[in-house]
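The whole structure should be built from the sequences, with the hints applied where relevant.
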Amino acid sequence: MKTCVGPEPDAGRHETEAAGRATRRRARGPSLRPHPFGLRTRLVLAFLLVAAVGCGTTAALTYRAARNAILEQAQDTAVSAFREQVEALSTDLPVVQDSLRDSLMRIARQGKPHPWRVYAEYGTLRVSSTDRPTSSVITPELRARAADETLQHGSFQRVVKGGTPYLTIAVPAVFHARSADGPPQRTGLVFYAVMDLRAEEANVEAMVMAARDGALPALAVALIPALIAARGVLRPVRELRRAAHSMGRGRLDTRIHAKGRDELSDLARTFNESAAELERSVAELRNAEVRARRFASDVSHELRTPLAGMLAVTEVLDEDAGGLDSDTARAVRLISAETGKLAVLVEDLMEISRFDARAAELHTDEVDAADCVRKTLQHRRWTDPAQVVPHLTEGIRARLDPRRFDVVVANLVGNALRHGGAPVTVRLYEEGDQLVTEVADRGPGIHPDVLPHVFDRFFKADQARTRSAGSGLGLAITLENVRLHGGTVTAANDPVGGAVFTVRMPL
Amino acid sequence: MNRRTAAAALSAALLGTVAGCGIQETDVVEAGGAATVVVAPIPEDRIVLYFLGPDGRSMPVARDVGPPYPVPSSPTDGTGDDRVPYDGFGPGYEISVDDLRNSDATDKILAALLAGPRENETAAGLTTALPASRIRGAGPVPRVTEIPAKTDSARPLFRLRAPFPVKELPEAAVRQLVCTTAYAKHPAGRVDVSVGGPDGLLPTARCDD
Numbered sequence: 001m002k003t004c005v006g007p008e009p010d011a012g013r014h015e016t017e018a019a020g021r022a023t024r025r026r027a028r029g030p031s032l033r034p035h036p037f038g039l040r041t042r043l044v045l046a047f048l049l050v051a052a053v054g055c056g057t058t059a060a061l062t063y064r065a066a067r068n069a070i071l072e073q074a075q076d077t078a079v080s081a082f083r084e085q086v087e088a089l090s091t092d093l094p095v096v097q098d099s100l101r102d103s104l105m106r107i108a109r110q111g112k113p114h115p116w117r118v119y120a121e122y123g124t125l126r127v128s129s130t131d132r133p134t135s136s137v138i139t140p141e142l143r144a145r146a147a148d149e150t151l152q153h154g155s156f157q158r159v160v161k162g163g164t165p166y167l168t169i170a171v172p173a174v175f176h177a178r179s180a181d182g183p184p185q186r187t188g189l190v191f192y193a194v195m196d197l198r199a200e201e202a203n204v205e206a207m208v209m210a211a212r213d214g215a216l217p218a219l220a221v222a223l224i225p226a227l228i229a230a231r232g233v234l235r236p237v238r239e240l241r242r243a244a245h246s247m248g249r250g251r252l253d254t255r256i257h258a259k260g261r262d263e264l265s266d267l268a269r270t271f272n273e274s275a276a277e278l279e280r281s282v283a284e285l286r287n288a289e290v291r292a293r294r295f296a297s298d299v300s301h302e303l304r305t306p307l308a309g310m311l312a313v314t315e316v317l318d319e320d321a322g323g324l325d326s327d328t329a330r331a332v333r334l335i336s337a338e339t340g341k342l343a344v345l346v347e348d349l350m351e352i353s354r355f356d357a358r359a360a361e362l363h364t365d366e367v368d369a370a371d372c373v374r375k376t377l378q379h380r381r382w383t384d385p386a387q388v389v390p391h392l393t394e395g396i397r398a399r400l401d402p403r404r405f406d407v408v409v410a411n412l413v414g415n416a417l418r419h420g421g422a423p424v425t426v427r428l429y430e431e432g433d434q435l436v437t438e439v440a441d442r443g444p445g446i447h448p449d450v451l452p453h454v455f456d457r458f459f460k461a462d463q464a465r466t467r468s469a470g471s472g473l474g475l476a477i478t479l480e481n482v483r484l485h486g487g488t489v490t491a492a493n494d495p496v497g498g499a500v501f502t503v504r505m506p507l
Numbered sequence: 001m002n003r004r005t006a007a008a009a010l011s012a013a014l015l016g017t018v019a020g021c022g023i024q025e026t027d028v029v030e031a032g033g034a035a036t037v038v039v040a041p042i043p044e045d046r047i048v049l050y051f052l053g054p055d056g057r058s059m060p061v062a063r064d065v066g067p068p069y070p071v072p073s074s075p076t077d078g079t080g081d082d083r084v085p086y087d088g089f090g091p092g093y094e095i096s097v098d099d100l101r102n103s104d105a106t107d108k109i110l111a112a113l114l115a116g117p118r119e120n121e122t123a124a125g126l127t128t129a130l131p132a133s134r135i136r137g138a139g140p141v142p143r144v145t146e147i148p149a150k151t152d153s154a155r156p157l158f159r160l161r162a163p164f165p166v167k168e169l170p171e172a173a174v175r176q177l178v179c180t181t182a183y184a185k186h187p188a189g190r191v192d193v194s195v196g197g198p199d200g201l202l203p204t205a206r207c208d209d
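As given, the protein sequences belong to chains U and R, one line each in that order. Sequential numbering from 1 applies to the first sequence in our numbering. Sequential numbering from 1 applies to the second sequence in our numbering.
These aren't lab readings, by the way, just hints derived from the structure by calculation. As the structure is a computational prediction, the values presented were derived from the model and not from experiment. Not one of these hints is a red herring.
Calculated cross-link-like contacts (lysine to any residue; reagent style SDA-like; alpha-carbon spacing at most 20 Å):
#1 R/LYS185 - U/PRO183
#2 R/LYS185 - U/HIS176
#3 U/LYS112 - R/GLU30
#4 U/LYS112 - U/ASN203
Take a look at the structure:
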């Protein structure tokens, strides 16, 4: 175990801390969670929708046109063929059933485009080419139309019965009563033909199949441009996101490869310009800060040499002060005291400069914490129990930099003695895996408005008191030292009275 | 595009496709004219009488008045009497082909109309709306006379004097008289007929309008 004193030169804490910060940030880095309704899904859906609507509409329209054409052709052929067959008939009036049946049989054999069944109705007579005198497929509407004497027209109707589509045709027979001169006269004889359209239905179904078989591959093909388009949009977006994240982590030199002339590449270019501007501004700020710090450091360095000479001279003057007259002696002692304070201030400034330059180094060692505190108090001659009351838990082994810990304890106790009130209680104990050092005084405490600023540099709790015994950097240096150990220091007011400073450092 | 609108459009398109599948029923669609059939016997050998069908509509019958066939069917054959050259209105009302070709047989034709449908015609559901006047012997029969046209009418006008009251006759019965007269007088039936009876005169009518 090393003893708990002796300041040692610092170096190289900076790197480890920087690395630690980087690791921490990477841990909460970009979480690439999948988007259920992300751009890709939406683009693909939109493409598929457009393709489906396009295919569907085209298929539907084509199908309708083709179906109508098929049906029209079948109907027209059937109607004109049937009329032609009927017109070749010769009949008596009133009709003679047997000869009419023979004629119907002949017509039935010549159905076009498909075989048909033929029926004839005359008065109450029903004649057919089948074994049933009439067909149930023929609707009353068709009969009424055929019987209408003012409308001497052939007519047809499509009927679906039992799932089978039928074409029913009605052709009324007319004749010229005595000469072909006059208008044809209604004979009262009406011919019906019933033809099933199963062949046409099969054709129509084949077209539906063809439309479906054409539309599905078209949809599958539409998927390819959809995915390509989604990729084209998503790649720059992903790149932007990565770049933005990288910028956030402090890599200000991040740039995006911007190519093309679309909006996304414009966005990328804008991002690059902004990033460059930001980088420039940050670099300027950093340079200014570095210059400022270097200036403070240089000033304190430059002051140290003359101050060393002055300290030597003031010591001599102090010794000789007794031989001088009282006014001169007081002046000499004042100069001596102020020179001492100036030396302390310069030392503190240099210490702070080292922290700012991240040149402060931690030289840790395993030490006995209570021993360290005791030695600090002894060195500062704070051994009067009326002034400082130590409550130290013995035997705590901690890894810390003894010199810096000494500075922390000394600064806190000195601060308490100067600004608070005696007695100052120093407690040292273990809490979990932390070493807690508590310095409490019996003074008036710290005003709540001031509490957040007590660790600021050159902060004066009492604005009226422009001069104080300390340099104004004590608590700032304490804070930096505790931070260097990876610990925290907090200031609070004890409800009983007085201020309490608590330092927590990992063991 | 609003997602809801898109979905509605898509479903409408699909619905349209599905609903239009297969072969649908249609209403009755007119297609071309009626079929002109050949009615036997040839026009020179027949008279055309207008009776009524079961639905009350006028239905013509064509009766053969031509010379008997060399081998006539047996007179005892129940339905085969349509080749009998005269009808049962009575002696003197037989119609021969010569009557048709050389002279005016309108009165005889009307007498045949009044005699009503024959057996085979009745079997086919034909009826008449005219009063039965099958009176053998010198019964009262309709007489048709031509009235000289007073104006420059394109059609000749004929007056039909019926032996029965005509004011109460149903429309179908009047039409039977008018059409039978018209086609008896003119091959194309282009005449005006004025039907009258003991109780007065009906408005002039035509068969082909």
